[in-house]
Amino acid sequence: DTEVTQTPKHLVMGMTNKKSLKCEQHMGHRAMYWYKQKAKKPPELMFVYSYEKLSINESVPSRFSPECPNSSLLNLHLHALQPEDSALYLCASSPLMGQAIYEQYFGPGTRLTVT
Amino acid sequence: RKEVEQDPGPFNVPEGATVAFNCTYSNSASQSFFWYRQDCRKEPKLLMSVYSSGNEDGRFTAQLNRASQYISLLIRDSKLSDSATYLCVVKWGQNFVFGPGTRLSVLP
Numbered sequence: 001d002t003e004v005t006q007t008p009k010h011l012v013m014g015m016t017n018k019k020s021l022k023c024e025q026h027m028g029h030r031a032m033y034w035y036k037q038k039a040k041k042p043p044e045l046m047f048v049y050s051y052e053k054l055s056i057n058e059s060v061p062s063r064f065s066p067e068c069p070n071s072s073l074l075n076l077h078l079h080a081l082q083p084e085d086s087a088l089y090l091c092a093s094s095p096l097m098g099q100a101i102y103e104q105y106f107g108p109g110t111r112l113t114v115t
Numbered sequence: 116r117k118e119v120e121q122d123p124g125p126f127n128v129p130e131g132a133t134v135a136f137n138c139t140y141s142n143s144a145s146q147s148f149f150w151y152r153q154d155c156r157k158e159p160k161l162l163m164s165v166y167s168s169g170n171e172d173g174r175f176t177a178q179l180n181r182a183s184q185y186i187s188l189l190i191r192d193s194k195l196s197d198s199a200t201y202l203c204v205v206k207w208g209q210n211f212v213f214g215p216g217t218r219l220s221v222l223p
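Chains as they are written, first to last, in the working numbering: chain A, 1 to 115; chain B, 116 to 223.
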């Protein structure tokens, strides 16, 4: 089973709203990622968690706040977003053996529209 | 210079054709290499990892040239279902860097 699940599938929010995106995997992967993907562009890395600790933050604005409550779950809290933040948000996970990382598996994404 | 570059595409080929995708990367410390495919409005899916000795999976063959920092993907006997965007992905440290992708359309 190489399944990563994400909820919700679609989200429409206003610029003053607070919402959260959720990601879950039960493959025992200890590396988890958030990506943002705009139309006709490749995914752009936002955050990496390794062993439930934030290891990479690609200079993401503070209106995006990640959280990793346990080894299976990854959240992305959203607050005061801008219309240009509308995109597909992808979660991924990867096995992590020591510091070696293997291939990533992606969830289906949350399509976010900020109005 | 972008960290990972790919053929700009799109590639439009007839069914049964052989098509090759090229990818170059700038970071010589890169450790692992992958090809993903992404269908429209779907998530990327792992197609194959790329090993130093080259590897084959059915109609798909991947090659790596570390000296030239070059990766390739060959698709033989292309099918309509191969139509997708092909993404070259390079890993260094904990960072996976995606190329811009090459769009393939296989035509009947």
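Be aware that one or more of the hints could be misleading.
Each computed SDA-like pair below joins lysine to any residue, with the alpha-carbon atoms no more than 20 Å apart [said to hold, decoys possible]:
#1 B/Lys157 with A/Thr5
#2 B/Lys206 with A/Ser55
#3 B/Lys206 with A/Pro69
#4 A/Lys38 with B/Leu179
#5 B/Lys157 with A/Glu58
The hints are simulated quantities; they were obtained by calculation from the structure and are not laboratory data.
Now the hints, each set against the structure:
1. Between B/Lys157 and A/Thr5 the CA atoms are separated by roughly 13 Å; this keeps the pair inside 20 Å, and the hint holds.
2. Restraint check for B/Lys206 and A/Ser55: the C-alpha separation of about 15 Å stays at or below 20 Å, so the hint holds.
3. Proposed proximity of B/Lys206 and A/Pro69 is contradicted: the alpha carbons are some 26 Å apart, above 20 Å.
4. A C-alpha spacing of about 29 Å is found between A/Lys38 and B/Leu179, which places the hinted pair above 20 Å, so the restraint is violated.
5. Restraint check for B/Lys157 and A/Glu58: the C-alpha separation of about 23 Å exceeds 20 Å, so the hint is violated.
Comparing the model with each earlier hint shows violations of hints 3, 4, 5; every other hint is respected.
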